[in-house]
Each structure stands twice: as structure tokens, then as C-alpha cells.
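One line per chain: the protein sequences are D and S, in this order.
This note's numbering puts the first residue of the first sequence at 1, with every later residue one more than the last.
This note's numbering puts the first residue of the second sequence at 1, with every later residue one more than the last.
These are computed hints drawn from the structure, not numbers from a lab.
By construction, the Cβ of each residue, glycine as well, lies at the ideal position given by its N, Cα and C atoms.
You can trust all of the hints, since none of them are fake.
Pairs of lysine to any residue residues, derived as SDA-like cross-links and limited to a Cα-Cα distance of at most 25 Å, are as follows:
| no. | chain 1 | residue 1 | chain 2 | residue 2 |
| --- | --- | --- | --- | --- |
| 1 | D | K4 | S | Q51 |
| 2 | D | K49 | S | V24 |
| 3 | D | K43 | S | V246 |
| 4 | D | K43 | S | Q241 |
| 5 | S | K89 | D | I48 |
| 6 | S | K89 | S | P154 |
| 7 | S | K89 | D | S38 |
| 8 | S | K9 | S | K22 |
| 9 | D | K43 | S | A149 |
| 10 | S | K22 | D | L47 |
| 11 | D | K43 | S | L90 |
| 12 | D | K4 | S | L39 |
| 13 | S | K9 | S | L23 |
| 14 | D | K43 | S | R155 |
Interface residues of chain D toward chain S, partial, derived using beta-carbon atoms under 8 Å:
| no. | residue |
| --- | --- |
| 15 | F23 |
| 16 | I45 |
| 17 | K49 |
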Amino acid sequence: MHWKTLGEFLAMGGYAFYVWGSFGLTALLAIWELLSLSHRRHKAIQLIKQQIASN
Amino acid sequence: MTFGINWYKYASPAAFYPLAGKLVPWFYGLASLLLVAGLYISFAVAPTDFQQGEAYRIIFIHVPAAWMSMLIYLVMAAWAGIGLALNAKLSAMMAQALAPTGALFTVIALVTGSLWGKPMWGAWWVWDARLTSELILLFLYIGFIALQAAIDDPRRADRAGALLALVGAINIPIIYFSVRWWNTLHQGASVSVTTAPKMASIMLTGMLLMTLACWMYAIAVALSRLRSIILERERRADWVQPLSEVN
Numbered sequence: 001m002h003w004k005t006l007g008e009f010l011a012m013g014g015y016a017f018y019v020w021g022s023f024g025l026t027a028l029l030a031i032w033e034l035l036s037l038s039h040r041r042h043k044a045i046q047l048i049k050q051q052i053a054s055n
Numbered sequence: 001m002t003f004g005i006n007w008y009k010y011a012s013p014a015a016f017y018p019l020a021g022k023l024v025p026w027f028y029g030l031a032s033l034l035l036v037a038g039l040y041i042s043f044a045v046a047p048t049d050f051q052q053g054e055a056y057r058i059i060f061i062h063v064p065a066a067w068m069s070m071l072i073y074l075v076m077a078a079w080a081g082i083g084l085a086l087n088a089k090l091s092a093m094m095a096q097a098l099a100p101t102g103a104l105f106t107v108i109a110l111v112t113g114s115l116w117g118k119p120m121w122g123a124w125w126v127w128d129a130r131l132t133s134e135l136i137l138l139f140l141y142i143g144f145i146a147l148q149a150a151i152d153d154p155r156r157a158d159r160a161g162a163l164l165a166l167v168g169a170i171n172i173p174i175i176y177f178s179v180r181w182w183n184t185l186h187q188g189a190s191v192s193v194t195t196a197p198k199m200a201s202i203m204l205t206g207m208l209l210m211t212l213a214c215w216m217y218a219i220a221v222a223l224s225r226l227r228s229i230i231l232e233r234e235r236r237a238d239w240v241q242p243l244s245e246v247n
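Sequences are here, hints too, so could you generate the full structure?
Take a look at the structure:
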């Protein structure tokens with residue numbers, strides 16, 4: 001571990017915006033994908049339930 | 001050679017749906033473990049770069065995402081092609097399940113590249129061959145998704161999508177070799193199968209762990225999306241109604 005303080009780690013040698021921006025955006029996109037997946041599954045299951053109920 | 005397993009059985013959505021459901025949590029688990037190890041090496045172990053300072057750490061997400069964007073496209077085109085050649089529905093669904101994740105990794109590669117380009121090159125974007133061909137890859141993914149969404153008959157949508165995916169595959173070698181074929185601002189390959197890596201081994205280890213984490217994530221997400229696609233498209237099939245999740 002070569003960071004002496006948390007502040008130094010967060011500052012990323014002056015490149016905080018670029019480094020944390022890259023990793024942060026990736027995390028947001030992955031979370032968005034996971035949420036939209038669970039939404040899609042929920043919708044597909046609802047559709048089948050309605051179909052069974054209407055039979 | 002069937003290794004005691006009837007592989008053809010899993011070519012049917014009815015048999016693959018529960019199998020995929022069992023596999024998904026394992027791939028998420030592996031992805032999480034590899035991600036923790038990869039991030040630890042990327043941020044705590046790998047030393048500062050003597051030329052780029054800490055900004056180089058973007059490599060640990062940029063390169064894996066760029067690799068994934070190309071690999072997923074090839075796998076997607078292959079499944080689409082198999083679906084077209086063998087008239088196999090599940091293969092076409094696999095291609096469909098991969099496209100959004102491929103597009104996502106392409107966006108990550110483009111945006112992290114931009115965030116890396118600004119401090120190092122002084123520009124968010126340049127129209128060099130590598131960046132332009134990667135942008136075309138994003139349009140191919142979007143085109144594939146939009147084309148399939150625009151056609152009502154799923155089997156016709158599969159065939160049209162497969163043709164687009166197969167023709168677009170020509171772009172992958174163009175992206176990969178662009179840094180050799182043209183004079184690009186983008187740097188050459190840091191890792192290649194034919195030569196020794198031009199980077200410190202600890203950095204390479206971090207990058208490979210992050211790449212494996214992305215692989216496992218992509219497999220988990222694609223299988224999970226495939227399950228929804230199967231439910232959407234097979235909702236009138238007899239095997240769907242007894243499933244516990246719809247009762």
C-alpha cells in the first residue's frame with residue numbers, strides 16, 4: 001500500500017476527476033444494467049401471470 | 001462424444017432456462033471475487049506510473065472494457081450465425097441477450113478512453129482510426145438492437161439481426177489492428193499473444209483480474225437476460241405455465 005493518507009488516495013495525484021470518473025461511471029452503468037435486468041424479468045413474469053389468469 | 005450429457009437437450013429453451021438459472025449466481029459470485037482482487041491490485045498494489053502518474057490507473061477498466069466490447073461482439077455474431085445456419089432459436093436468443101452488455105462495455109471503453117485522453121493528450125476525442133472504429137462498434141450494437149426491435153416477427157428479426165451482426169464482424173479486426181495499420185494517436189497494443197507484454201507484471205496481473213471479472217459479469221448478465229428473453233418469447237409454451245415463478 002503506497003498511499004499515506006486517505007486524502008492522498010482520493011486525490012489520485014491530481015487526476016481524481018478522471019480516475020474516479022472512469023470507475024464511478026462504470027459502476028453506475030453496471031448498477032443500471034442490473035436494475036433494468038430485474039425490471040425486465042419482473043415484467044416478463046407479470047405478463048405470463050396475466051395470461052394464465054385470463055385463461 | 002457426448003460426455004454422458006445430451007447436449008442437444010440444452011438447445012431447447014425449456015431445458016436451458018432452469019440450467020441458466022442455476023449458473024447465474026455462480027458467475028455473479030466469481031465476478032465479485034475477481035473484482036475485489038482486481039481492484040485491490042489496481043489501487044493498492046500497483047505502483048505509480050513514472051510517466052502518467054496516477055492517471056494510468058484508468059487502464060485497469062479501460063482495457064478490459066475495450067477487450068470485452070470486441071469479444072462480446074464476436075461471440076454475439078457467432079451465436080447469431082449459428083442461429084441463422086441451423087435455424088436454432090436459442091442461439092439467436094443468446095445473440096440478443098449479449099448485445100446490450102456488449103454495447104455497455106463499448107460505452108465504458110469510449111468514455112474511460114475519453115477521460116484518459118483529456119489529461120494525457122489534451123483532447124477528449126480525436127478522430128483517429130482506433131477511436132473511430134470503436135465508435136462504429138457502438139453503432140453496430142445499437143443497429144443490431146434497433147433492427148430486432150423494429151421487426152415484429154421474432155424469427156424474421158433473428159435472421160435480419162444475424163445478417164447485420166455477421167457483416168459488422170469485419171469491424172473487429174479493423175479495431176484490433178487499427179493501431180498497426182494506421183498512424184494513430186492511440187498507443188499500440190500493451191499486451192499481445194505474440195510478444196512479451198510491454199508492462200510491469202503487477203500491472204498486467206491487475207488488468208487480467210479485472211478482465212476476468214468483466215468476463216464473469218458479462219456471462220452472468222447475459223444468461224440472466226437470456227432467461228427473460230426466453231420467458232418473453234416462449235410465454236405461450238406449455239412448459240412455462242407450471243414454473244414456480246409465475247404461480
